[in-house]
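Student: In UniProt numbering, the protein residues as written are 1 to 170.
No lab work stands behind these hints, which were simulated from the structure alone. By construction, the Cβ of each residue, glycine as well, lies at the ideal position given by its N, Cα and C atoms. Certain hints may be false.
[Said to hold, decoys possible] Okay, derived cross-link-like pairs now, SDA-like style, lysine to any residue, Cα gap no bigger than 20 Å in a straight line:
hint, residue 1, residue 2
1, Lys164, Asp151
2, Lys164, Phe10
3, Lys81, Ser54
4, Lys113, Asp62
5, Lys97, Asp56
6, Lys113, Gln98
7, Lys97, Ile126
8, Lys166, Lys113
9, Lys122, Ala110
10, Lys63, Val52
11, Lys164, Thr3
12, Lys97, Lys81
[What the hints assert, rightly or not] Computed spacing ranges between beta-carbons, pair by pair:
hint, residue 1, residue 2, range
13, Pro157, Phe10, 55 to 65 Å
14, Gly148, Asp62, 16 to 26 Å
15, Phe10, Gly158, 51 to 61 Å
16, Asn107, Asn87, 14 to 24 Å
17, Thr111, Ala146, 24 to 34 Å
18, Lys60, Ser13, 42 to 52 Å
19, Leu58, Lys121, 52 to 62 Å
20, Val147, Asp57, 18 to 28 Å
21, Val112, Asp57, 35 to 45 Å
22, Leu102, Ala70, 35 to 45 Å
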Amino acid sequence: MRTFKYLVLFFFSVSILIACGGKEEKKKEGFSYENKKDTPKNTETKNANEIVISSDDLMKFDKTEIRVKAGEKVKITLRHKGKLDINVMGHNFVLLKQGVDLVGFANKAATVKDNQYIPKKKKDVIAHTTLIGGGQTTSIEFDAPAVGTYDFLCSFPGHYSMMKGKFIVE
1 MRTFKYLVLF FFSVSILIAC GGKEEKKKEG FSYENKKDTP KNTETKNANE IVISSDDLMK
61 FDKTEIRVKA GEKVKITLRH KGKLDINVMG HNFVLLKQGV DLVGFANKAA TVKDNQYIPK
121 KKKDVIAHTT LIGGGQTTSI EFDAPAVGTY DFLCSFPGHY SMMKGKFIVE
């Protein structure tokens, strides 16, 4: 009887060890979760200020300050490194004109879901990207405005409090 208990315990232990054995997950080479969206092809511009700014599911940009030269072409590429859907954690990049109240703009933008949270009258906006979800990328090109400091933000409802920064034109 005692031997039987040890045999059962032995087989039970072996079966647990086999079940918990590590399997290596293989990644496919060249595969990326990044879904490129709205990225222009063959856009080679001389003197372009190419800025890549990343966002994530924790509602933050990886840059809070961007510096460019006045009058030159600027290319902003926004990458959403998170995994959440556009309806839950959508992000965009909005560059406001000087003197625009950031909080007032963000509150107005939060009411226009049908226009990707950008007010239809774009009198307060210099440039903006499309709204993207997790794993997506978008870009925008524009001429840098006059020398000065401008605000940028994500206009998805509630994000502006954490997702904002200064766009400094020298």
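Student: With reference to the structure, classify each hint as holding or not holding.
Tutor: Here is how each hint holds up against the structure:
1. Between Lys164 and Asp151, the direct Cα distance comes to roughly 7 Å. Compliance with the 20 Å bound is thereby established for this hinted pair.
2. Distance restraint check for Lys164 and Phe10: the Cα-Cα separation of roughly 60 Å exceeds the 20 Å cut-off, and the hinted pair is therefore not satisfied.
3. A distance of roughly 7 Å separates the Cα atoms of Lys81 and Ser54; the hinted pair therefore holds under the 20 Å criterion.
4. For the given pair, Lys113 sits about 25 Å from Asp62 by alpha-carbon distance, which is inconsistent with the 20 Å threshold.
5. Restraint check for Lys97 and Asp56: not satisfied, since their Cα atoms lie roughly 25 Å apart, outside the 20 Å limit.
6. Taken as a hint, the Lys113 and Gln98 pair is broken in the structure, with Cα atoms around 24 Å apart against an allowance of 20 Å.
7. In summary, the hint linking Lys97 to Ile126 is supported, as the alpha carbons are separated by about 6 Å, within the 20 Å threshold.
8. With a C-alpha separation of about 25 Å, the suggested pair Lys166 and Lys113 falls outside the 20 Å cut-off, and the hint is violated.
9. Proposed proximity of Lys122 and Ala110 is supported: the alpha carbons are some 14 Å apart, at most 20 Å.
10. For the suggested pair Lys63 and Val52, the alpha carbons sit about 9 Å apart, so the restraint of at most 20 Å is met.
11. For a cut-off of 20 Å, the pair hint linking Lys164 to Thr3 is broken: about 70 Å separates their Cα positions.
12. A threshold of 20 Å between alpha carbons decides the hint, and for Lys97 with Lys81 the separation of about 27 Å lies outside it, so the pair is violated.
13. Taking 55 to 65 Å as the suggested C-beta distance range, the pair Pro157 and Phe10 conforms, at roughly 60 Å.
14. Distance hint check: the CB atoms of Gly148 and Asp62 are about 23 Å apart, consistent with the given range 16 to 26 Å.
15. Our hint of 51 to 61 Å for Phe10 and Gly158 holds, since their Cβ atoms are close to 58 Å apart.
16. The hinted range of 14 to 24 Å is satisfied by Asn107 and Asn87, whose Cβ atoms lie roughly 20 Å apart.
17. Hint check: Thr111 to Ala146, Cβ distance near 30 Å, so the stated range 24 to 34 Å holds.
18. The hinted range of 42 to 52 Å is satisfied by Lys60 and Ser13, whose Cβ atoms lie roughly 47 Å apart.
19. Separation of Leu58 from Lys121 is about 32 Å and departs from the stated range, judged on CB atoms against 52 to 62 Å.
20. Our hint of 18 to 28 Å for Val147 and Asp57 is violated, since their Cβ atoms are close to 35 Å apart.
21. Checked against the hint of 35 to 45 Å, the pair Val112 and Asp57 fails, with Cβ atoms roughly 23 Å apart.
22. Remark: the range hint 35 to 45 Å for Leu102 to Ala70 is contradicted by a beta-carbon distance near 22 Å.
In terms of the numbered hints stated before, the structure departs from hints 2, 4, 5, 6, 8, 11, 12, 19, 20, 21, 22, listed from lowest to highest.
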